[in-house]
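Peer 1: Given the coordinates of chain F, work out where chains W and H should sit on it, guided by the hints.
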Amino acid sequence: MALQSLDIAARSATTTPSPSARQGFEVAKLIDISKCIGCKACQVACMEWNDLRDEVGINHGVYDNPMDLTDQSWTVMRFSEVEPNGHLEWLIRKDGCMHCADPGCLKACPAPGAIVKYGNGIVDFNQEHCIGCGYCITGCPFNIPRIAQKDGKAYKCTLCSDRVAVGLEPACVKTCPTGAITYGAKDDMVQHAAIRVRDLNERGFAQAGLYDPPGVGGTHVMYVLQHADQPGLYANLPQDPQIDPLVSVWKGITKPLAIAAFAAVSLAGLFHYITKGPNEVSKETEKEVE
Amino acid sequence: MTNHWVDIKNTDLVLIMGGNAAEAHPCGFKWVTEAKAHRKARLIVVDPRFTRSAAVADYYAPIRAGSDIAFLGGLINYLLSNDKIHHQYVRDYTDMSYLVKDEFTFTDGIFSGYDPDKRKYDKATWGYQMGEDGYVKTDPSLQDPRCVYQLLKAHYARYTPELVERICGTPQDAFLKVAGMIAETAAPDRTMTVMYALGWTQHSQGSQMIRTGAMVQLLLGNIGVAGGGMNALRGHSNIQGLTDLGLLSNLLPGYMTLPGEAEKDFQAYLTKRSPKPLRPGQLSYWQNYPKFFVSTMKAWYGDAATPENNWCYDWLPKLDKTHDILQVFEDMNNGKMNGYFCQGFNPLASAPCKIKLSGALAKLKYLVVIDPLATETSEFWQNHGEFNDVDPTQIQTEVFRLPSSCFAEEDGSLVNSTRWLQWHWKGAEPPGEALNDQEIIAGIFLKLKAMYKKDGGAFPDPVLNLTWKHKQPTHPAPEELAKEFSGRALKDVTDPKDPAKVLVKAGEQLNGFAELRDDGSTACGCWIFAGAWSEKGNLMARRDNADPYGIGQNLNWSYAWPANRRVLYNRASCDADGAPFDPSRKLVGWDAAAGKWTGSDIPDFKADSAPADGMGPFIMNPEGVARFFARDMMAEGPFPEHYEPMESPLANNPMHPDNPLARANPAARVFKGDWESFGSPAEFPYVATTYRLTEHFHTWSKHVRLNAIVQPEQFVEIGEELAAAKGITAGDHVRVRSKRGFIVAVAVVTKRLKTLTIDGRSVHTVGIPIHWGFKGVARNGYITNTLTPFVGDANTQTPEFKAFLVDIEKLPTRLQAKA
Amino acid sequence: MQVTRRTFLKVCATGVGTSSLTLLGFAPDTALAEMRSFKLARATETRNTCPYCSVGCGILMYGLGAGAKNVQGRIFHIEGDPDHPVNRGTLCPKGAGLLDFIHSDTRLTQPEYRAPGSREWQPIAWDDAFTRIAALMKADRDANFEAVNQDGSTVNRWNSTGFLAASASSNETGYLTHKVVRSLGMLAFDNQARV
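Chains as they are written, first to last, in the working numbering: chain F, 1 to 290; chain W, 1 to 819; chain H, 1 to 195.
One or more of the hints may lead you astray.
[Claimed, not checked] No farther apart than 25 Å at their CA atoms in a straight line, the calculated lysine-lysine pairs in the DSS-like style are these:
hint : chain 1 : residue 1 : chain 2 : residue 2
1    : H       : K69       : W       : K426
2    : W       : K321      : H       : K138
3    : W       : K336      : H       : K138
4    : H       : K39       : F       : K150
5    : W       : K426      : H       : K138
6    : H       : K138      : W       : K447
7    : H       : K138      : W       : K454
8    : W       : K453      : H       : K69
[To be verified] Cβ-Cβ distance ranges computed for the label pairs, FRET-style:
hint : chain 1 : residue 1 : chain 2 : residue 2 : range
9    : W       : K276      : H       : T109      : 51 to 61 Å
10   : W       : A725      : F       : E128      : 50 to 60 Å
11   : F       : E128      : W       : Y59       : 44 to 54 Å
12   : F       : P19       : H       : T109      : 17 to 27 Å
13   : W       : D632      : H       : V148      : 21 to 31 Å
14   : W       : T393      : F       : E128      : 52 to 62 Å
Note that these hints are calculated values from the structure, not bench results.
Think of the CB as a built atom: it goes at the ideal place given N, C-alpha and C, for glycine as much as any other residue.
So that you can see chain F by itself, here it is in the shape it has in the complex (with noise of 0.2 Å):
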């Protein structure tokens, strides 16, 4: 394992122990939806940082655009005219990668080290390993990860792990106009969100509220809702998102029945990997498992 400035708290499908001496603290990147202006800035940051440039699509009636996540945009702005109290109320959701405590798409992933999860919070993706299953997608209980049409690799959002690394600030954090996204330990993060709740309270918002799902483990990008009591206001945000339970009680229940299920499918997969590349062996991989 090379020396690196994160040090690696978990790896997929790796038994090795992960190193754990050095003791780091948790990072977590706060979006207060009520300072949100949905400029996209942080969309623009994220392409710009990582040399990503997704397609230029068409106007689809809604300021959404482009419409859904991608291997190209990591994040994109959700737009939802509600009127929960009776008036219009424009709730705009910046969507992205949630960095689990405890993220499916780890657990999900069969590639060794081709999704790591830093000491410090952060989900990698390490497409060097990646072998375009797509399971990840299936782990994720928020249905992130994209998979590139160009090198059947999965993409999703690193928290600009490269600037965090070097003690940056993610791209969309530092770019954000209006301070709607900040970021910082974890534990900042989260009495600056009882600050943000208590100014909400007394705008008469109630029920504001910090959204950071135990289903989970808690999450290292987190939101400040007005509405925290409707998370699926805001672009149908989980009201408990939990992993899929199948992928949780793999290591229990299902792994002796599913021993019996490996030459079948591993060995498949394999073999159309080897032969035929990535994209084809999520295709027959996904085929076969239907």
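Peer 2: Just chains W and H, lined up with the frame of chain F:
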């Protein structure tokens, strides 16, 4: 802006009206969220659309596009009738006690002196009663029926909440909620900032909308205080600087004005612009006009400018009329123009009524476009299908397209909206053969100069004598030009109080405009920028962001005009005795021990004038105080009055239903033939308003892939009711027509555009972003200004882009926009 | 918890992958999870101002190379200047996308000329363009310059050629432009303050 971006954090209440700061100025808008987070400030948005600013507002009130004066007039009435005004401020710092001429009248929407044939006012009656002492008569008791207070009160008494609802479509309860919140800031320790932009300027009565907003702020005592002010959010990165430098038809640098053709006499020209105080003890700083003027002429013409030739006064062109962009295209369209230069400006997309512009450009002999990007204007002659359907063979204009550098490839300074001159540095070479703008101007000018020198021609003197002291004449350096506009001493400049004391030695850079002289001993290209590059060096390049007082005054960051002052009129933040109204937000105050004004800002005042001297805080005005009554300074009247937009959904002005002269702005200029280009509500029933999106900047950023990705294709916005009525669903293609043409775009159907009830009938609004065209990397689209009317504000001639009439229809199938 | 056939198989596959590939000899190799290297480490940083709106945000431009003679500098990244009192490092979507403005496909790179009636641009040398433009200006100015008006007043104006000045050019460009335009006697002079 009277105040500045960071200062917004000091406010208690933000009113965004006539603008959409979150959308158009997101990084400045952060100081609104800071004020909300740290001062519990509230944000009110009043807009025809529920905008991105409204998305984070505490209160949103809808308003019909073009009806802002009715709303603001209603606020004035509310504040006066509920006695929610800052009494000390209004008494001491405004013209409320001034007596107005008896002949000044206002009858059914028209002020005295109107000539309906010329659509102009004779403003002789729009003035003060003058006493025998040469000063304005006043009535400090405010009881005289001719005092400004009584006239103002009577004028706005008509603007009741009922009337506001009828004209603006703002429900009364919403209006009263807003009025109540605003009224709280009349307290000396409460303040409000007003943030506006082209949502107020781009109307046929735009200047008066802004004035009405300023009048509200004066009543509340919110001008000159930290967290207050009238904050015009300028549109472009250096439009403040280019206006400061006088790049407008009738201006000279530093808001000096060119002479009219009747102004033959130089001294009379100066005297008219150097007004004597209208009240005892007032400064009337424009009395220094001769110093500014002579110094500019010395900067431009050097030794050729002498007292004998009135410093080359006659070398300046004399105005026959204002040649604003609308006038110029009118003249072009009438075959009166032969040549035209567009330097970083894309008028085919940015000026109103594309069909007229396109036809006008085709009548030119030559067009020179200087730009980093391939603009629509530069290809007005080329056929771009449905988006620009012209026949090149029929267009005889010679066109030159000269590639210029962009910001990243040059040194220089820009003036932001808060009057900061900020220096920037070159990071790379321009692409290919592109040159910077100074080299291009030099290239053309030096050829022309050589031709005049060799062959002579019409009045070559100013061309041959224009100051051109550059080490490399074909490459005028930004540093050389900055020093020239900042100014230097040509001879030793001495202290007027002590002629033996030399303030600046001959040849040295000046420290500020106080050192300018009218005897030819100083040269300064732009007096308000004086001192930006002094003997201390380039102050525009300063980067010390220290904020020692903690209220966001970064005095050592860049250089602010005038005199590095950050908040204009800051003397008005103190009471008559010189103590701050709100000590927690002190900008300046009178320090009796030191005998001068001190504080966190540069005092906007005569630094050693004690409060007892009675000098007013508005030192640029000959009154010394702020004016509610604008005298003869506005085209359509001393008090703002609501008039309908030139194209209105109403047949008449509800304020003056029986007077057709008072329907729309009676002083707005309409060219012959353009009346026929205005549509009627019968044919075009919907109110249209145009605007920017945060993802884009005019027609530039559609050349930028990253911005094209996040907002790729032209669209228009309509409310759900109109969509239902027209059978339109989100994503459909629609055709939007005005009397002047049509565009095709995708429909965005939204809850954010509500149907308003105006004068008893339903009025729908169609929102139209401005960013598309037929060049760039975004999807090609129609130029939005195909639709807009060729009429402007009566004072500034800013086109009425914000309120006009259209019709909309669904197209049978979704057309795939041609890439 | 309902286990369908599809999810069961999926979980099996996942479980097999995560636990069993290692057993089959796919042991971790070296440098398995290095994050991207920080790309600005040795880039040249230049301070500039965003050219779009009037907030005047400070920006940092990162350029290729350190100024060595044989390197053609190229800006490859732009982000906000955290020292700037107004934007404090932030940039809106326009400022954040400035890199693609500098390198836009539709940047102009050479002077071009379009002849009367032509459908095409053609390249022109700078000197030829300057000469031709100056000649057109001089011909128009000499023909239409108005030294005195009908009343006999000196007016010294040239109204048949006009100039639209930029909105984002520097003060230095603006000042030079104003001087030149007025010295020629032009009144048809405007900028983008109105629109």
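Peer 1: Between the alpha carbons of K69/H and K426/W, is the straight-line distance 25 Å or under?
Peer 2: holds (17 Å)
Peer 1: Within a Cα-Cα threshold of 25 Å, do K321/W and K138/H meet the stated pairing?
Peer 2: holds (23 Å)
Peer 1: Determine whether the Cβ-Cβ distance between E128/F and Y59/W falls within the hinted range of 44 to 54 Å.
Peer 2: Since E128/F and Y59/W have Cβ atoms about 53 Å apart, the given range 44 to 54 Å holds.
Peer 1: Decide if the proposed pair is consistent with the structure: K138/H and K454/W, CA atoms, cutoff 25 Å inclusive.
Peer 2: holds (12 Å)
Peer 1: Is it true that the C-beta distance of T393/W to E128/F lies inside 52 to 62 Å, as the hint says?
Peer 2: holds (58 Å)
Peer 1: Check the hint pairing K336/W with K138/H against an upper bound of 25 Å on the C-alpha distance.
Peer 2: Status holds; Cα separation ~17 Å.
Peer 1: Does K138/H pair with K447/W here, judged by a C-alpha cut-off of 25 Å?
Peer 2: holds (10 Å)
Peer 1: Does K150/F sit within 25 Å of K39/H, going by the straight-line distance between their CA atoms?
Peer 2: Holds - the C-alpha atoms of K150/F and K39/H are around 23 Å apart, at most 25 Å.
Peer 1: Are the Cα positions of K426/W and K138/H separated by 25 Å at most?
Peer 2: Answer violated: K426/W to K138/H is near 34 Å, above 25 Å.
Peer 1: Should the hint that D632/W and V148/H are 21 to 31 Å apart at their CB atoms be regarded as holding?
Peer 2: Given range 21 to 31 Å: holds, Cβ gap about 29 Å.
Peer 1: Using the C-beta atoms of A725/W and E128/F, is the stated range 50 to 60 Å upheld?
Peer 2: holds (57 Å)
Peer 1: For the pair K276/W and T109/H, does the Cβ-Cβ distance stay inside 51 to 61 Å?
Peer 2: holds (57 Å)
The structure fails to meet hints 5, 8 and 12 from the earlier list, while all remaining hints are met.
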